[in-house]
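Protein chains in written order, with the numbering used here: chain A, 1 to 340; chain B, 1001 to 1340.
Stretch-level coverage of chain A by chain B, calculated; a stretch enters the list once three of its residues show a Cβ under 8 Å from a Cβ in chain B: (1) 5-13; (2) 29-37; (3) 47-56; (4) 94-104; (5) 216-224.
Read the hints as simulated data drawn from the structure, not as lab findings.
Beta carbons: idealized from backbone N, C-alpha and C, even for Gly.
Protein chains: 2
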Amino acid sequence: MDQTVMLGHGSGGSMMKRIIDEVFLAAYPSAELLQGNDAAVLPAPSAGERLAFSTDGFVVSPHFFPGGDIGRLAVCGTVNDVATSGAKPLYLSCGFILEEGFPIDDLKRICQSMADVAKEAGVSLVTGDTKVVNKGHGDGIYITTAGIGLIPEGIDLGGQNIKPGDAVLVSGTLGDHGITVMSCREGLSFKTDLQSDAAPLNHLIADVLSAAPHTRCFRDPTRGGLASTLNEFAQQANVDITIEEDAIPVKDSVRGACEMLGYDVLQVANEGKMVCVVDANEAQVALRAMQANKYGADAAIIGYVSSVQPDRLPKVYLKTSFGGTRILDMLVGEQLPRIC
Amino acid sequence: MDQTVMLGHGSGGSMMKRIIDEVFLAAYPSAELLQGNDAAVLPAPSAGERLAFSTDGFVVSPHFFPGGDIGRLAVCGTVNDVATSGAKPLYLSCGFILEEGFPIDDLKRICQSMADVAKEAGVSLVTGDTKVVNKGHGDGIYITTAGIGLIPEGIDLGGQNIKPGDAVLVSGTLGDHGITVMSCREGLSFKTDLQSDAAPLNHLIADVLSAAPHTRCFRDPTRGGLASTLNEFAQQANVDITIEEDAIPVKDSVRGACEMLGYDVLQVANEGKMVCVVDANEAQVALRAMQANKYGADAAIIGYVSSVQPDRLPKVYLKTSFGGTRILDMLVGEQLPRIC
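Using the sequences and the accompanying hints, generate a full structural model.
As structure tokens, this is what we get:
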């Protein structure tokens, strides 16, 4: 096998066939990929099942970091986006944009990581594409995944469903992914066990939906962090959201790193956390369902939804540890580029 | 609006919201995108309809060329791959990887081009993602699309269905796209009307299927050209395929450019052509259906399928204009990088 990616691996010819056989099919030999047609043909859904469809691109630098790599992110990111609709994620596509010279061993490691986490999530990689760009016109590897899930009849989730009185939950500690990648990249050492939280959350979502049928919506607070997710919700449903700083789970090591570096942890990216809005009557059962899942041990109820104040636009408020209240804005500008 | 793409446009924060609203939603305001959730929720298919799913990445250089641009390619490429399964393509996702500094006006032009050709094809852009990489780590814009189509009951297409005795058709002239992009890039001027053939072929495929119900398969001869597509078919179905050089439609300008530059036109990429294998009894009706479509005027029957010769591997043979026969191999190495 070749040692590095060459332009010919994207040619559509015999070298491309070789990289497909020896790298991609070796890692995830799904029946649909092995069929070798241009489109994967997938079974007919059951009556009434709607489709959920989402895509996510990954350009993280570095490609490997504590707790994961670009491949794990690429599978988890799309699995989680599809799952937020209440769908069971089933099928993934994967488009690679490789830079000439990228080590084949790194590509194999990334594909194995994708295969492992896809198996955990219960999804199949069924179709893919590979392009190769000249040295100097990429950054080793970019991955764009898209995913299809099936939504059972009767499930209808989305930010538009949020109502005043609802409770806001988060499935665990914030900021782990962003601070880990940034530390890696800058060569910082906090002498801690910082690692990315990248994880597939579809099973956690299914657990919550089963326990709390009046769940309004899920969203994963990736780029822009919790602050951006809550502001999106507030605008989408035209409501105010108030959260309590003391209720928000943050690891000491992450809090310390944020203070030292001047980041607001509420704007730092996560890759294995869900924000969930539920009917207040079901907040406790939703919380317990999260906590019973291996990716939700640190879940917490962090706030509530209320009507917009008269003559004001929808806002997100943060009750601080010091007893004050401040407006929590969406991230402005770019905090940590290439975080996912 | 900003003049160029900045890192903040990929932040997940307010700048990203701005580029989504002012560029993407302005070009293709589908109901699903406007909903603003992480996954598009799509209607339930009718009973028995299977899903077709495909993805394709686009890294073409230059981004604009006679007959198209990277946006038109990104929509047509995935529409065509989905349609090869016999599916009606319906939904597209779109992942952008933008380089810091890319002109917003170029991005708008590309998005408008995507919207126009999506409308022609009858597909909706329903979900998307945008990442921004630092200057020097990309090449302006890369696009990865994925597409979903629905396959009616009873349709079963694929290279595995090809049988000895079948006829091989191509929907028009070969090499137009590859030679156009290459000429553009190298600043060559052939004083001709060369232009890319990039086109959505889903309606042409539907026309052929309706006229020739015993169609075995379609495949678009993109990277690697007709030579690679036919070799894939031969291997997939374990058959020999023989084509006649004189029957293959090639524009004089493309033939001339290929001769001058030393390219084999049968290995040059196309973006608006279909290879189709049909039961020989339906070859004429399939041909007439192609020719009646605006993208199939130059369609031709170019060869036939036969059993593999005893003790040989499956091969593709070319009967040359001079009366000889040579083996037509899959492209080896890379001929024209960054062609799509």
